[in-house]
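Peer 1: Below are the chains, spelled out letter by letter.
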Amino acid sequence: MTDPKPVLHLDNIVKTFPGVRALDGVSFSVMPGEVHALMGENGAGKSTLMKVLGGIHKPDEGDIYVDERKVTMSGPLEAKAKGIVFIHQELSLAEELSVAENIYLGELPRKSFGRVDWTRLAEQTNAILKKLNVRFDAATRVGDLSIANQQMVEIARALTVDAKAVIFDEPTASLTDAEKVVLFDVIADLKADGVGIIYISHRMEEIFKITDRISILRDGQYQGTVNTAETNEESVTQMMIGRKLDLSRKATNHDLGDLALEVRGLSCGKLYRDISFQVRRGEVVGFYGLVGAGRTEIAETLFGLRDPSAGQILLAGQEVRIHSPADAIARGISLVPEDRKGQGLVLGMNCRDNMTLPQVDDLKAGPFMAEGAEIAIFDQYRDRLDIRTPGWKQKVGNLSGGNQQKIVIGKWLSMHPTVLIVDEPTRGIDVGSKSEIHKLLRELAAQGYAVMVISSEMPEVLHVSDRIVAMYSGRIMRTFTSDEVTEDSLIQAISGLGDSHAA
Amino acid sequence: MQAGQLSDAMKRGAIWGFIVLELIFFSVAGQYLSLSDSAFMDLDNMLLLLKQSAPIGIIAMGMTIVMVNGNIDLSVGATFAIAAIVLLNSMTWPIFAGLGDWVIPVAWLLALAVGTLLGALNGLIVWKTGVDAFIVTLGAMLGYRGIVFMFNGENPTSHLNWTLVDLAEAEFLGLATASWFLLGVTLAVWFLMTKTVHGRNAYAIGDNREAAVNAGIRVGPHMLINFAIIGFLAALSAVVFYSESGSVNPNDGQLYELWVITAVVLGGTKITGGAGSVIGTFGGVIAIQLLRKGLGHIGADTSTVNLVIGLILIAVLFLDRQLNVRGKEELKV
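Order-wise, the sequence lines are chains S and E. Mapping of the first sequence onto our numbering: position 96 corresponds to residue 96, and the numbering continues sequentially without gaps. Mapping of the second sequence onto our numbering: position 48 corresponds to residue 48, and the numbering continues sequentially without gaps.
Just chain E, with the same shape it has in the complex (with noise of 0.2 angstroms):
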């Protein structure tokens, strides 16, 4: 076996380590402690759990390859938040009056188009200024939220279409709507990143920019696309959610970009760029629902429930260091 090869098999499996040990926890746990009958394990309830991880889901999808390619985007939750006015508010608007229920697809486009606009619009100043990522997504975080205030102050936009509400609804083999966009999503960029030459280009970017310059890729575009990626990606799992909540608060989607980072981060990606996997990210987005759930399922507050994930996270980065560091003298800090 090759070096290296032991603790790379130990760091792809961790992610999948933990969720069997949350199962048999809360199945334990919840025996003596849960409120509810019902298993912890109980099919729906897994099912329910499945949907349930799809607004993030969806999302970190997106934030993997970002943040594979060296970059980061603050401004998901914002973007999320935008999409899903522009999804709710133009179905009311007297030019799509004439459409009846073919407004539902206008919608979609609608929100999607401006989602990917606003995360192009990231790219697009993060390549030509060269301002670093984190900052560039800083602002559009706040400014995203900014112009989500000044469409309709502190109140809520709704809308409800029933059709719309019956499709979000319905069921296919079992899955929830919402729960097959999460593995469609996961599907397309588990190819994207693994078969085409765009995400082999975005590890090798993340990875060793001047290298990759050097080789002849075009840094630049591979950003833009991946920031449009990422703003379509957010803007769908608004259009994923709202279809059937018809109604959005302006402070919806508020962390959840830190909740993204996190579902990336436990999922093995680096945060530096150049390593990470889509079927990672999709261990740790169910990781983080689980305990969410988990959680709750023992009777648990929300705001336990954030202290205790925000200690795994640090614990389990601690352990991946040290599964990384073992053998290979690094500095003593």
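Okay, chain S solo, but in the shape it has when bound (with noise of 0.2 angstroms):
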């Protein structure tokens, strides 16, 4: 057999946007039956290079080839018909149309009169499905599937053209450990029948697993590209930001204070039962478990979104009851939701106005809002919290998902809380801010704050943790401090495995 011949080749793209060099210069090719990895923090330039790969942007300068043939792509209709296939991260389903429906929208199967020939498109369908091998078939209504099998249709609608290569963007994003080994089978059977793979995700443990080669982009150039098998994380990442990281764990390096919230045998009908736990002044505890293991419900019952069935939440020793987000705002407690921007920002608003959302009532002067002391709070948190943003009027929505995050912690720190529970700290944070939210969380223990850090990320946890708290279907398993804590273990606990311990 001769040398493969690359089913993707990108030959020195170059992207600009006005005051902005997107892309200088990226080339890279994909081979058939290859994954490779497309990484880089936000802003990278990832986004406009497939975007350009999809015909959504025109380059200024360079080529795409196709199978040695130079291309080029004047919208996704053309990239698909060429070969090149999207998956993206935000799925884009018709919920109330069937499978079938959804994988052929738009070339569903006619018969005479325009009618649709639904035994075709049935068969067709299911043809499809059962290469995935999935357990739902063609007339499954899709608002009725799970996130990951609701992406197996996606990954369906790429297998009805002829694929040569298929670009998988944060593919994992919302996928419990068991979906992901699912969708990993799916990318093996494509690498097998020959089909390039480029998978871009921010998450270092996949990376290494499935794919074959990585190229890394930095600011719009293009850094290089590696063997997966002969390189590690630590200079991947390295190559992504420019400068070494601390991935190192911490232990307690502080005296505890007091105990700042107690909860006893909490219950929420059947989404968590009998939660106990504690945390303390000056500690971070960390919330490990799989996607519906009940780690938010408990959040949103401590931020007063929900109502427990049961059981008692104490603050400072005092029990209390939490009816509102005001009222736990009140009592000290605050919540960085899991979804910043759908619950925690509110884009359209200067990052000011972000800041001062919950005090400003208690801020304002007369019926005035005070302005200057809004001000005032926003500098001391900018300053305080690195917050990168050109001023106060720059609108959130604007900002990168680092900075967004500090402004939403800064929202909390205003408040001078006592506890300060996080969901899901670093979602779709890129890997350079999140060391600076990680360091941050552990600062905010150091300086006193009780901080509950709910997490999916492993490392994430091992890494901020003074204990973790292991949950499985609604209960705690185990609790564990950071010195007795091993990888292992953790994946026991929060898979059902071995023995539940009260907490």
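Worth flagging that the hints you see were computed from the coordinates, not collected in a lab. Any given hint might turn out to be false.
[Stated by the list, open to error] Derived lysine-lysine pairs resembling DSS-like cross-links, with alpha carbons at most 25 angstroms apart: (1) S:Lys-364 with E:Lys-195; (2) S:Lys-70 with S:Lys-80; (3) E:Lys-270 with S:Lys-395; (4) E:Lys-270 with S:Lys-393; (5) S:Lys-80 with S:Lys-191; (6) S:Lys-395 with S:Lys-364; (7) E:Lys-195 with S:Lys-395; (8) S:Lys-131 with S:Lys-80; (9) S:Lys-395 with S:Lys-341; (10) E:Lys-195 with S:Lys-393; (11) E:Lys-270 with S:Lys-341.
[Said to hold, decoys possible] Which bits of chain E does chain S cover? Going by a derived footprint, with three or more residues having C-beta under 8 angstroms, they are: (12) 192–200; (13) 204–216.
Ideal Cβ placement from N, Cα and C applies to all residues, glycine included.
Take each chain as given, in its own frame, and dock them per the hints.
Peer 2: Below, the structure written as structure tokens:
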């Protein structure tokens, strides 16, 4: 056999936007049967590159070759026709339609008089679904499927054409570990069929598990391609951010303070049962478990968004009842929610207004807002948290994920809480900002806050927590101290294996 | 310059640019087409225009808060008619017979209170049932109008109090009473929306309701207050207008909700909430009134006016969309 030819080759792609050189001479190739990771921090140019590939942006310079033939893409449809298929992070499915209708949306098989050929549609769809080894059929309503299965529908859509290259954009962002395994099997099958795969992800573990080569972008510039087997996380990270990153574990290096929060036998219907734990000032307690283990629901209960069906919540030894977020805030509990854009920020508002949102009422002078005091608060937390923004007038929607998260954290710190609950602190945040957020959480504990961190990323939980509460299916399985925890025991606990220990 | 600032500035300025265009067009076209001798941009004509803008304009200020808050109120036209009836009818009630001209403030207060209550009722239903404001106020629009017809059938309700008419027709510093009310309401609502916590929270709730809840803002009471405000302003608009005219037909105020929404949307308020300004709405109100008056000036009839305004509304929103979408890679539909 001769040398394999790349299914997809990008040659010296340059794309500039007013004031920014988004892509500066990026070249890389994807071979048939290869899983090729594309890595880079947010803003490194990954999305722009994919938009150039999908025909949404026209490159200023450079060429795209599919099967060594130069092509120009005018839009997603043409890209698809040429065998370049995208599996987007944000699923774009019509929930009320069936699986088959979604897969062949816009290309439904026809009979005479424009009628849909339902028989043929079902046959074709079931043939594809069989290949993917899924447990639903063509007639299932997409809205009834889990997120993972919806993603399978997207993948099935990709398989309706003779795909040469499939681009996965953060495919595991909302998948559970079990669902990831299924996804990786599908990727392996595609790979065995000789399809080239571009895999975009922030998650190092996955990258090292399933990819063959890694190409790295930084600030729109191509940093190089390495064989996955010949590199490690540290050097990839270094290529991505251009400096070294401290990922080592930290033990508690300060004294713990008083008991801040205690939960006794808290239950909420079927969501979680008999939850008991304590958080002291100066301590970071990590909550680790699979999606649906009940962690977020506990946080929502503590923040007054859900009423518990049984159990007690004690703040500094006093039992409290929390009926609304306003209650929780007044009692010194703050929640940095999981979905930053959907639940945490008012994207159309500027940085200052977002930061002072919970206390603008307390700051007012007479009937009017005290804008000067608000600016002072914003300035204080901008400096303290190192929020990078041109000024308080900047709309929050224009900031990077890391800076947005800092705005949310700053918003709550300015309320001087005792308990800070942070749900998925670094979801969708790039590697560099991630470590800053981690450092910040440690610092906040050192300053005497009681910090609860809910995370689905094991390295994160291990890195920031003094103690780790492992949850499975609405119950606490075990509580680890940072000395005794191991990755294996943690995984066992959250998969429901091993004995249940009271916390 | 920050990304988005240019288009923001263009959007904010767009309504005023449009007004200038209208003025130029009608002045020039008026030279050839108008039957009257006076120029379109005659001072008296412009002052009259401001006065005629008042009924829609006063309600539009309330609609701006309600829409920024993420709701809508379709019942304002019916509330307007009810308040008018309360105003005119209550002046004839025997219990107020001994009050003399003091019946005027009493009738005003009654009308305003009724409007405020009807608005608050809408808000309460939206808050407590969680039903979309569009549906609730659609129901209220039909229901309140039903009440109007129940009161006096197809007959108009009339009462002329000459002291009141004199008051309504008075001018102060060259501006009519109605114009003063429009300017006053605009200023008051501008303060409310830009300088007070209530205004800030209205934007936050309209932009991202969940984030507002998570910040401890009580969304329900805010909506209730905003609906009460628009109810009050619908009644105020009626009070100002019918003090002068003295007679209300059961169909009066019909389609007002649509004129008001048109003005608010032309002024740049997002129909989904979270963005909009009182100053923009003021521009929208003036732009519509200019159009109505201008087209009349060059000899167009009412049906033509409606057709043209409809087309312009769509054209303006299309332009706005183009300005917004550019560079944002929005999906083509």
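Peer 1: Please go over all the hints and tell whether each is borne out by the structure.
Peer 2: Hints, verified against the model:
1. S:Lys-364 with E:Lys-195: holds (10 angstroms)
2. S:Lys-70 with S:Lys-80: holds (15 angstroms)
3. E:Lys-270 with S:Lys-395: holds (17 angstroms)
4. E:Lys-270 with S:Lys-393: holds (20 angstroms)
5. S:Lys-80 with S:Lys-191: At roughly 18 angstroms apart (the allowed maximum being 25 angstroms), Lys-191 (chain S) and Lys-80 (chain S) satisfy the hint.
6. S:Lys-395 with S:Lys-364: holds (22 angstroms)
7. E:Lys-195 with S:Lys-395: holds (19 angstroms)
8. S:Lys-131 with S:Lys-80: With a Cα-Cα distance of about 20 angstroms, the restraint between Lys-131 (chain S) and Lys-80 (chain S) holds, given a limit of 25 angstroms.
9. S:Lys-395 with S:Lys-341: holds (13 angstroms)
10. E:Lys-195 with S:Lys-393: holds (16 angstroms)
11. E:Lys-270 with S:Lys-341: Status holds; Cα separation ~19 angstroms.
12. 192–200: Holds: 4 residues of the segment 192–200 of chain E have a Cβ under 8 angstroms from chain S.
13. 204–216: Holds: 10 residues of the segment 204–216 of chain E have a Cβ under 8 angstroms from chain S.
Every hint from the earlier list agrees with this structure, and none is contradicted.
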